[in-house]
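These are the residues of each chain, in order.
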Amino acid sequence: MRTVVYLFIGILFGITMFKSEAASWFRIYEMFKFDAFHMYGIIGSALVIGVITIQLIKKFNIKSFYGETIHFYPKTRSVSRYLIGGIIFGLGWALAGACPGPMFTLIGAGFVPILVVIAAAILGTFLYGILKDKLPH
Amino acid sequence: MNWIYSPWPWYVSGPMIAFVMFLLLMVGKNFGMSSNLRTMCTICGAGTKADFFKLDWRAQKWNLTVVIGAIIGGFIAANFMTPDAAVAITPETISDLQDLGFNSAGKAYLPTELFETSALLDFKSLAILIIGGLLVGFGARYAGGCTSGHAISGLSDLQLPSLIAVVGFFIGGLVMIHLLYPLIFA
Numbered sequence: 001m002r003t004v005v006y007l008f009i010g011i012l013f014g015i016t017m018f019k020s021e022a023a024s025w026f027r028i029y030e031m032f033k034f035d036a037f038h039m040y041g042i043i044g045s046a047l048v049i050g051v052i053t054i055q056l057i058k059k060f061n062i063k064s065f066y067g068e069t070i071h072f073y074p075k076t077r078s079v080s081r082y083l084i085g086g087i088i089f090g091l092g093w094a095l096a097g098a099c100p101g102p103m104f105t106l107i108g109a110g111f112v113p114i115l116v117v118i119a120a121a122i123l124g125t126f127l128y129g130i131l132k133d134k135l136p137h
Numbered sequence: 138m139n140w141i142y143s144p145w146p147w148y149v150s151g152p153m154i155a156f157v158m159f160l161l162l163m164v165g166k167n168f169g170m171s172s173n174l175r176t177m178c179t180i181c182g183a184g185t186k187a188d189f190f191k192l193d194w195r196a197q198k199w200n201l202t203v204v205i206g207a208i209i210g211g212f213i214a215a216n217f218m219t220p221d222a223a224v225a226i227t228p229e230t231i232s233d234l235q236d237l238g239f240n241s242a243g244k245a246y247l248p249t250e251l252f253e254t255s256a257l258l259d260f261k262s263l264a265i266l267i268i269g270g271l272l273v274g275f276g277a278r279y280a281g282g283c284t285s286g287h288a289i290s291g292l293s294d295l296q297l298p299s300l301i302a303v304v305g306f307f308i309g310g311l312v313m314i315h316l317l318y319p320l321i322f323a
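Here the protein sequences come in this chain order: C and L.
Counted the way the numbering used here counts, the first sequence spans residues 1 to 137.
Counted the way the numbering used here counts, the second sequence spans residues 138 to 323.
Simulated from the structure, these hints should not be mistaken for lab results.
The beta-carbon is built from N, C-alpha and C at its ideal position, and this holds for glycine as well.
Do not take every clue at face value.
[Stated by the list, open to error] Some but not every residue of chain L turned toward chain C, in silico, with C-beta under 8 Å:
1. Trp145
2. Met170
3. Gly182
4. Thr202
5. Val204
6. Asp236
7. Gly238
8. Ala242
9. Leu247
10. Leu272
11. Val273
12. Ala288
13. Ile308
14. Leu316
15. Leu320
[Stated by the list, open to error] Okay, derived cross-link-like pairs now, EDC-like style, lysine to aspartate or glutamate, Cα gap no bigger than 20 Å in a straight line:
16. Lys132/C <-> Asp188/L
17. Lys33/C <-> Asp236/L
18. Lys58/C <-> Glu68/C
19. Lys75/C <-> Asp35/C
20. Lys166/L <-> Asp294/L
21. Lys261/L <-> Glu250/L
22. Lys33/C <-> Asp193/L
23. Lys261/L <-> Asp236/L
24. Lys244/L <-> Glu229/L
25. Lys186/L <-> Asp35/C
26. Lys59/C <-> Asp294/L
27. Lys244/L <-> Asp35/C
28. Lys63/C <-> Asp294/L
29. Lys166/L <-> Asp188/L
30. Lys58/C <-> Asp193/L
31. Lys191/L <-> Asp221/L
32. Lys33/C <-> Asp233/L
33. Lys166/L <-> Glu68/C
34. Lys244/L <-> Asp233/L
35. Lys134/C <-> Asp188/L
36. Lys191/L <-> Asp133/C
37. Lys75/C <-> Asp233/L
[Stated by the list, open to error] Chain L stretches covered by chain C per the calculated footprint, using a threshold of three residues with CB under 8 Å from any CB of chain C:
38. 227-233
39. 250-257
Looking at chain L on its own, in the form it has when it is part of the complex:
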């Protein structure tokens, strides 16, 4: 049983993600997490501002339930299944991140510089969290899906639009890490 307390290797994690997608298909649903963000806009009353949000959110209750499950799952995994949460990224990655000012690299699950509660008092950290979130929300809906909807569900169904979206995800990610990070964090 010790394996369950260690980080799961890719050959356990990947098949588990495919299994989650399979279970959702078998209950007649599709795996896609970012559409919940749209449902949340609708619940907040965005339907009065744009037709895009005029939908019956009750039809999406199943997916919101999956979200609640994902929160509970994160709680269970972090509190009962992970004695040491430090992520063992490669030494090269750690050294790159230290150069950018992330001294928590290799010692934590998330960089404390951004995700410790006190980081919310730092203007730059707060701005990074907000801009990152805005881009994710805007981009996911523009592209019609995120990592789960396109990279897993769409590509598994051999959909060309999903391949284009995933190529876009990588162009954006590579530009951010290789070109913009040195400017943002230097």
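Isolated chain C, as found in the complex:
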């Protein structure tokens, strides 16, 4: 049953990524060129609602659909790993024009070359795992 719920949420996410055009390489380019409000509107409105939602969940101690406490995990404090990792991610995001969520959406939309991007992203993740202890965090 829970699997069906996860699948449904994924489908909703995939449709949203495609229809919002957040999965379009062109929209990412346009965003970094500051030529249109579209992507900023998407992220901004998602954030305003997201912040309010999480604050309400915390304030009223709202339980999950299954009656469990909803956990939020504070991320470990650091500047270097988030900044350096973030810059590397941003370089790739702008070059491939896709971040990990939309990449999967684009498989379903039938773009074969995105499989190369995903395979390379898995390899990039693997390289991080190998080099992790040698990198500043």
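Given the coordinates of chain C, assemble chain L onto it according to the supplied hints.
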């Protein structure tokens, strides 16, 4: 019902993304897509090469199911909900992209120069796809999350590390588009 066939405006799309995050929280999970790349490494046997991949991938089955859903969602949206997939980017963006050699700007969902199947036979296009993917995978794990985990989940939870990561995303993106694109595509 016609609105569903047109591109969704930001004020529909943004709230829908927040709704997806809300649904995942309400089933006791967190919204973050790039951790699936780590799980895929584990499934491929990367645990023998680095401790970072020694984890019980079955505990991540829920997120892989979300991935399968995202693929199905992309199929449904592209095939049944989008009669015309051309992305209406601004005329300035189209003209900039044409100068860089992207003649498909304004006429397609993704640039055909990179994402048509035949582009895989072009060395430069293939190299761009591979380097882009490598940077995304490496950077996302180094930063501990991607657009969904940091820019949406983390910032919604007012986490300072996520703000630093998102600033990094933008520094990287701006450097790529404004400084490196003219060198790569000129």
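Status of the hints after comparison with the structure:
With a cut of 8 Å, the hint placing Trp145/L at the interface with chain C holds, because the nearest CB-to-CB distance is about 4 Å. Annotation: interface hint on Met170/L holds; nearest CB of chain C at approximately 4 Å, less than 8 Å. This hint is violated: Gly182/L has a C-beta 10 Å from the nearest C-beta of chain C, more than the 8 Å allowed. Below 8 Å, beta-carbon pairs count as interface contacts, and Thr202/L has one with chain C at about 4 Å; its hint therefore holds.
Given the 8 Å rule on beta carbons, the hint for Val204/L holds: about 5 Å separates it from the nearest Cβ of chain C. The beta carbon of Asp236/L is not positioned within 8 Å of any beta carbon in chain C (closest approach about 12 Å), and the interface hint is therefore violated. Checking Gly238/L against chain C by beta carbon gives a least distance of about 13 Å; that is not within 8 Å, so the hint is violated. Given hint, Ala242/L at the interface with chain C, holds; its Cβ is 6 Å from that chain's nearest Cβ, closer than 8 Å.
Interface restraint check for Leu247/L: the shortest CB-CB distance to chain C comes to about 5 Å, inside 8 Å, so the restraint holds. For Leu272/L, the suggested interface contact is upheld, since its CB lies about 3 Å from the closest CB of chain C, less than 8 Å. Residue-level restraint check for Val273/L holds (minimum Cβ-Cβ distance to chain C is 4 Å; threshold 8 Å). For Ala288/L, the suggested interface contact is upheld, since its CB lies about 6 Å from the closest CB of chain C, less than 8 Å.
For Ile308/L, the interface hint holds, the least distance from its beta-carbon to any beta-carbon of chain C being 5 Å, beneath 8 Å. The beta carbon of Leu316/L comes no nearer than 10 Å to any beta carbon in chain C, farther than 8 Å, and the hint placing it at the interface is violated. At about 12 Å, the closest approach between the beta carbon of Leu320/L and any beta carbon in chain C exceeds 8 Å, and the interface hint on this residue is violated. Only pairs whose Cα atoms come within 20 Å are accepted, and Lys132/C paired with Asp188/L is accepted, the gap being roughly 10 Å.
Of the pairs offered as hints, the one joining Lys33/C and Asp236/L holds, with about 14 Å between alpha carbons and a cut-off of 20 Å not exceeded. For the suggested pair Lys58/C and Glu68/C, the alpha carbons sit about 13 Å apart, so the restraint of at most 20 Å is met. The straight-line distance between the Cα atoms of Lys75/C and Asp35/C is roughly 33 Å, outside the 20 Å bound, and the hint therefore fails. Straight-line distance between C-alpha atoms of Lys166/L and Asp294/L comes to about 14 Å, which keeps the hinted pair within the 20 Å bound.
Restraint check: the Cα-Cα separation between Lys261/L and Glu250/L comes to about 10 Å, which is no more than 20 Å; the hinted pair holds. Proximity of Lys33/C to Asp193/L is assessed by CA-CA distance (about 41 Å); at most 20 Å being required, the pair is judged violated. Of the pairs offered as hints, the one joining Lys261/L and Asp236/L holds, with about 17 Å between alpha carbons and a cut-off of 20 Å not exceeded. In summary, the hint linking Lys244/L to Glu229/L is supported, as the alpha carbons are separated by about 14 Å, within the 20 Å threshold.
About 44 Å separates the Cα atoms of Lys186/L and Asp35/C, which puts this hinted pair outside 20 Å; it is violated. Straight-line distance between C-alpha atoms of Lys59/C and Asp294/L comes to about 13 Å, which keeps the hinted pair within the 20 Å bound. For the suggested pair Lys244/L and Asp35/C, the alpha carbons sit about 17 Å apart, so the restraint of at most 20 Å is met. For the hint pairing Lys63/C with Asp294/L, the CA-to-CA distance comes to about 17 Å; that is within 20 Å, so the pair holds.
Distance hint between Lys166/L and Asp188/L is unfulfilled; the C-alpha atoms sit about 24 Å from each other, more than 20 Å. For the proposed pair Lys58/C and Asp193/L, the alpha carbon gap of about 29 Å is over 20 Å, so the pair is violated. About 45 Å separates the Cα atoms of Lys191/L and Asp221/L, which puts this hinted pair outside 20 Å; it is violated. For the suggested pair Lys33/C and Asp233/L, the alpha carbons sit about 10 Å apart, so the restraint of at most 20 Å is met.
Only pairs whose Cα atoms come within 20 Å are accepted, and Lys166/L paired with Glu68/C is accepted, the gap being roughly 11 Å. About 14 Å separates the Cα atoms of Lys244/L and Asp233/L, which keeps this hinted pair within 20 Å; it holds. Between Lys134/C and Asp188/L the alpha-carbon distance is near 14 Å, which keeps this suggested pair within the 20 Å criterion. A C-alpha spacing of about 15 Å is found between Lys191/L and Asp133/C, which places the hinted pair at or below 20 Å, so the restraint holds.
With a C-alpha separation of about 39 Å, the suggested pair Lys75/C and Asp233/L falls outside the 20 Å cut-off, and the hint is violated. Only residues whose C-beta sits within less than 8 Å of a C-beta in chain C count toward coverage, and the segment 227-233 of chain L has 4 of them, enough to reach three; the restraint holds. Given a C-beta distance limit of less than 8 Å, the hint that chain C covers the segment 250-257 of chain L holds, as 6 residues qualify and 3 suffice.
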